[in-house]
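Engineer: Protein chains in written order, with our numbering: chain A, 1 to 411; chain B, 1001 to 1411; chain C, 2001 to 2155; chain D, 3001 to 3155.
These are calculated hints, taken from the structure and not from any lab test.
Hints may be right or wrong, so weigh each one.
If you only want the chain D side, here are some residues facing chain A, beta carbon under 8 Å, derived [what the hints assert, rightly or not]: (1) Pro3021; (2) Arg3022; (3) Pro3039; (4) Phe3040; (5) Ala3121; (6) Val3123.
Where is the CB? At the ideal position from N, CA and C, for every residue including glycine.
Residue-level listing of the chains:
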Amino acid sequence: MLDTARIRQDFPILSRKVNGVPLVYLDNAATSQKPRSVIRALVDYYERYNSNVHRGVHTLSMEATDAMEEARQKVADFVNAESPSCIIWTRNTTEALNLVAQGWAMEHVAAGERIVTTAMEHHSNLVPWQRVARERGAELRILPLAEDGALDLSDVNSIIDTRTRLVTAVHVSNSLGTINPVKALAARAKEVGAAFLVDGAQSVPHMPVDVQDIGCDFMAFSGHKMLGPTGIGVLYARREALERMEPFLVGGEMVLQVSYEDATWNDLPMRFEAGTPNVADAIGMGAAVDYLNGLGMDRVREHEIQITGYALDAFGEIEDLDVFGPADPEKRGGVIPFHTTEVHAHDFGTVLDRRGIAVRTGHHCTMPLMETLGVAATARASFYVYNTEEEVDVLVDAVKEAMRYFLDGSR
Amino acid sequence: MLDTARIRQDFPILSRKVNGVPLVYLDNAATSQKPRSVIRALVDYYERYNSNVHRGVHTLSMEATDAMEEARQKVADFVNAESPSCIIWTRNTTEALNLVAQGWAMEHVAAGERIVTTAMEHHSNLVPWQRVARERGAELRILPLAEDGALDLSDVNSIIDTRTRLVTAVHVSNSLGTINPVKALAARAKEVGAAFLVDGAQSVPHMPVDVQDIGCDFMAFSGHKMLGPTGIGVLYARREALERMEPFLVGGEMVLQVSYEDATWNDLPMRFEAGTPNVADAIGMGAAVDYLNGLGMDRVREHEIQITGYALDAFGEIEDLDVFGPADPEKRGGVIPFHTTEVHAHDFGTVLDRRGIAVRTGHHCTMPLMETLGVAATARASFYVYNTEEEVDVLVDAVKEAMRYFLDGSR
Amino acid sequence: MAPDDLDGLYRDAILDHCRNPRNRALVERPDVSANAVNPFCGDEVRLQAALDSDGRISRIGLQAVGCAINQASGSMLTEAVLGRTIKEARAASDAFQAMMQGRDTAAVEGPLTALAGVKKAPVRVKCALLAWSALDDGIEDEERRRKDTSGLIPD
Amino acid sequence: MAPDDLDGLYRDAILDHCRNPRNRALVERPDVSANAVNPFCGDEVRLQAALDSDGRISRIGLQAVGCAINQASGSMLTEAVLGRTIKEARAASDAFQAMMQGRDTAAVEGPLTALAGVKKAPVRVKCALLAWSALDDGIEDEERRRKDTSGLIPD
Ligand SMILES: Cc1ncc(COP(=O)(O)O)c(C=O)c1O
Ligand SMILES: Cc1ncc(COP(=O)(O)O)c(C=O)c1O
Chain A
1 MLDTARIRQD FPILSRKVNG VPLVYLDNAA TSQKPRSVIR ALVDYYERYN SNVHRGVHTL
61 SMEATDAMEE ARQKVADFVN AESPSCIIWT RNTTEALNLV AQGWAMEHVA AGERIVTTAM
121 EHHSNLVPWQ RVARERGAEL RILPLAEDGA LDLSDVNSII DTRTRLVTAV HVSNSLGTIN
181 PVKALAARAK EVGAAFLVDG AQSVPHMPVD VQDIGCDFMA FSGHKMLGPT GIGVLYARRE
241 ALERMEPFLV GGEMVLQVSY EDATWNDLPM RFEAGTPNVA DAIGMGAAVD YLNGLGMDRV
301 REHEIQITGY ALDAFGEIED LDVFGPADPE KRGGVIPFHT TEVHAHDFGT VLDRRGIAVR
361 TGHHCTMPLM ETLGVAATAR ASFYVYNTEE EVDVLVDAVK EAMRYFLDGS R
Chain B
1001 MLDTARIRQD FPILSRKVNG VPLVYLDNAA TSQKPRSVIR ALVDYYERYN SNVHRGVHTL
1061 SMEATDAMEE ARQKVADFVN AESPSCIIWT RNTTEALNLV AQGWAMEHVA AGERIVTTAM
1121 EHHSNLVPWQ RVARERGAEL RILPLAEDGA LDLSDVNSII DTRTRLVTAV HVSNSLGTIN
1181 PVKALAARAK EVGAAFLVDG AQSVPHMPVD VQDIGCDFMA FSGHKMLGPT GIGVLYARRE
1241 ALERMEPFLV GGEMVLQVSY EDATWNDLPM RFEAGTPNVA DAIGMGAAVD YLNGLGMDRV
1301 REHEIQITGY ALDAFGEIED LDVFGPADPE KRGGVIPFHT TEVHAHDFGT VLDRRGIAVR
1361 TGHHCTMPLM ETLGVAATAR ASFYVYNTEE EVDVLVDAVK EAMRYFLDGS R
Chain C
2001 MAPDDLDGLY RDAILDHCRN PRNRALVERP DVSANAVNPF CGDEVRLQAA LDSDGRISRI
2061 GLQAVGCAIN QASGSMLTEA VLGRTIKEAR AASDAFQAMM QGRDTAAVEG PLTALAGVKK
2121 APVRVKCALL AWSALDDGIE DEERRRKDTS GLIPD
Chain D
3001 MAPDDLDGLY RDAILDHCRN PRNRALVERP DVSANAVNPF CGDEVRLQAA LDSDGRISRI
3061 GLQAVGCAIN QASGSMLTEA VLGRTIKEAR AASDAFQAMM QGRDTAAVEG PLTALAGVKK
3121 APVRVKCALL AWSALDDGIE DEERRRKDTS GLIPD
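Could you put together the complete structure from these sequences and hints?
Structural biologist: Shown next as structure tokens:
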């Protein structure tokens, strides 16, 4: 198991007080906190070797280039990518998904063909496909939801048919916690000759992920959700897929030769990285990967199963409170969305904040899913490596307090 | 005048040694170094109030949102934008320029119409227009170069004609130093009903810039070139222009309502900021603006005129060395590109690096311009607020040494 | 964990109005009618009011869906403007908005003052304002209609 | 400012070859011919060689444009492979690349060893390798051609 007490020492923000009480940070699905080593990597970069990268012959530039490429290698190894040239730096998951939509799907999806996604996608993995489908005259199909917050795959073979060019699914749902069977979906996609894209925003930070084992063509994830800085994300793509992609942003660094009339593209991965990259935060993301590797992703996953199970049990005892997503903690990530007709999600959010507890409230960028679930908003607690069962206790007490408070004013 | 001795104290990296000698950092046009206050702003964010922004009801989220929006206001004020909602966060200048190309020009430039740019553009302000012109069947016209490194505007009225939909120009050339007459170009663009886009990557960091006074519709610039972090840039756009733009990246945060079939867009500026923004670096860019305001942009400009004049004089005395760009330091930014047939730019780069001096060598992402100038590569020294005349002396000595060395092996 | 702390935000008046919202029945043949939605939290307000011959709000109905602050604010609104002229209602709305934006608390009276505590949670201020923005919209529509009508029918 | 420091990088042999490049004249009817370009710094190499009946490089011409390291490396290359068989030339190329990539310095002799100092400026290593990549390409082409020809004309 993780030594959370020791881990907490590494996160300066966790000693902060909010509204006079200790911070209980349970908004990790939105963004994670950062260990000292990640912050230190940024400071180190800016204090010692900040420079523009690529093609600089001076020492700082060589050092910055080496450090950024080393970080790329770390990220490649972290998800078992076949090569660092399959790792494209983006700002976040959203940009990575749009890169596939604009650079790959706009080129390879034709009128009458299909794109298949799921009923539990984040807006970032839904709206880009609406646009591709509209512009290309393709059909966007949705894999529906089953009763228990899992995908209903009973019709998967007719939904993903031979006219399907792209299948995409969220690996772990940020609104339900559900872990989707991406390996099976990859296999079905392969069967019909479709590409397969995984939204790994909530999986890569929280469990061992192996892109080659899954068999996906693309995977998108964000540094800021995995202990890394804001402003850096990743698109992993198989080399063959990258080679069939058009650059999305054009300009400096991604070209080989340029005349006033025309330009040729640079090698991979630079072809997809126009302009000065986010050097510092790429290096910071490398430091985050180091930190996670130090903990061991198996143990990170174990810890989350444990704390999620603990929280599910405690929430299960609160009358009139609904918790969404699979009941079995082995089948879900560390995300607990809860809802009651007695207390609106925003009131939960405000009351919990007065108790130092940070949870997210609202539609979690999954409005259509919310409509399917029949709720306008939920409150969501989400865990990470530094969260403890004591924090779950604080949360559960505060939830109960809020419910009593709004029901009859008693405390 | 700037108190460079005091300013240097604020930049931790400047006390570094490179190859055993003090760093002389003269690669500021590629990227600038960062004062302690900017680094501190990042650390502060990550140690005290890191959180995802927008719609979070908990304290950290509110603090992060407020700080990011405050930074947006600072940047708006810095270039005298009419409103902070005219400031779109991007990764860098390149992304900002592509946003105009994809979001505005693809929508508004039709077959047979014209886009006009200049002969001294960075690849990032040339290749996007090649793509728009090709995809829309428009014509890309180039304002040519005059003898002295300025634009030749003798035919401007026939080049920018009534079929022109967009005019774009670099404000200060990163390869020549030339300051272009953007106000006059804005006036001509307006006359013919074209939009006007300024590449401000080399002007906003170095001189007072007022987008309303210039009369441009769009201006792009990068945080990392103006003492700010990597990974954050800005597109300024007039409100009317923004309202006629299509979102470029779609997904979370930039939508208002989403169903499985369709989505509506959020208000400005969020409409153009999909996914989790680069919160930390936006705040860092705000701190950079504070620092520059503390110095006073008039004085920053004065300092650069002075040091550039000093360097031009010293370089002028070196036989067989060509310096490109306008002779008058008032007509150029703090960028000195130099070239000699005796010593290749890369050899300059390496020799200077052995002396601790960081200069950039190569085509500076302006290959077509290099071809026009008839050189394959130049070495380029570029100055900023912390550079001193003593550093120019070190540079000039090293350049002379390199020339002697390659010519006859004497030192 | 001081309960006082929550009470500063959710004062008794708020909880009372939230548990027992006043004037929930919509009115027949309304003169003023408007909806307001906050898509981000799913809060919704539906407001209808009828005017008597003096231009006073003689009946009002408001249905608020969503958080406690939105519901309470809507319920209090109905009590605050019932019997007032359109002009007075608009002034009440201005005063309430001034209070919630921290500009001026002077002109707000009665249970509505309880909502001032919401300023402690600034993102929630827009919850408190939703019903009032419906009121403003409804009044504006009605005034535009009157102007149009008076323009069309010369007297 | 130790001049030694520069000498580690730009040794006398390098400066000599750079100032007086050997074998600059291109050859007539070359058997091996290739160009290499590094678009980023504008370095260019044009290489031509003729083989005698034993398959030895009997004449060689190389024109290098660009930095000192590229020019010196190209000039040294011509001296290193003149008179060698194609196989020997390829071995020399492998050995040189091994040295420049820091893998193995053993097999490099003569003036070429002077280029080992370039490793101090790692980005410049590709300048030293440009001419050799042209040699590799040219040899590969020639070998493919021979294979094709021998396949076409049965003996
Ligand atoms: C004039 C000019 N335009 C655009 C750019 C591109 O900026 P960035 O690399 O930050 O996107 C640069 C910087 O290299 C520049 O100097
Ligand atoms: C499942 C999922 N996909 C995509 C995203 C978007 O990530 P980002 O905001 O970093 O682009 C998120 C995060 O909110 C997410 O949870």
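Engineer: Look at each hint and say if it fits the structure.
Structural biologist: Here is what the structure says about each hint:
1. A distance limit of 8 Å between C-beta atoms decides the matter here; for Pro3021/D the minimum to chain A is near 22 Å, and the interface restraint is violated.
2. Against a cut-off of 8 Å between C-beta atoms, the interface hint on Arg3022/D is violated, since the closest Cβ of chain A lies about 26 Å away.
3. Hint on Pro3039/D holds. Least Cβ distance to chain A is approximately 5 Å, under the 8 Å limit.
4. For the restraint placing Phe3040/D at the interface with chain A, the shortest Cβ-Cβ distance is roughly 5 Å, inside the 8 Å limit, so the hint holds.
5. Taking 8 Å as the C-beta contact cut-off toward chain A, the hint placing Ala3121/D at the interface holds, the least distance being around 7 Å.
6. Taking 8 Å as the C-beta cut-off, the interface hint given for Val3123/D holds, the closest approach to chain A being about 5 Å.
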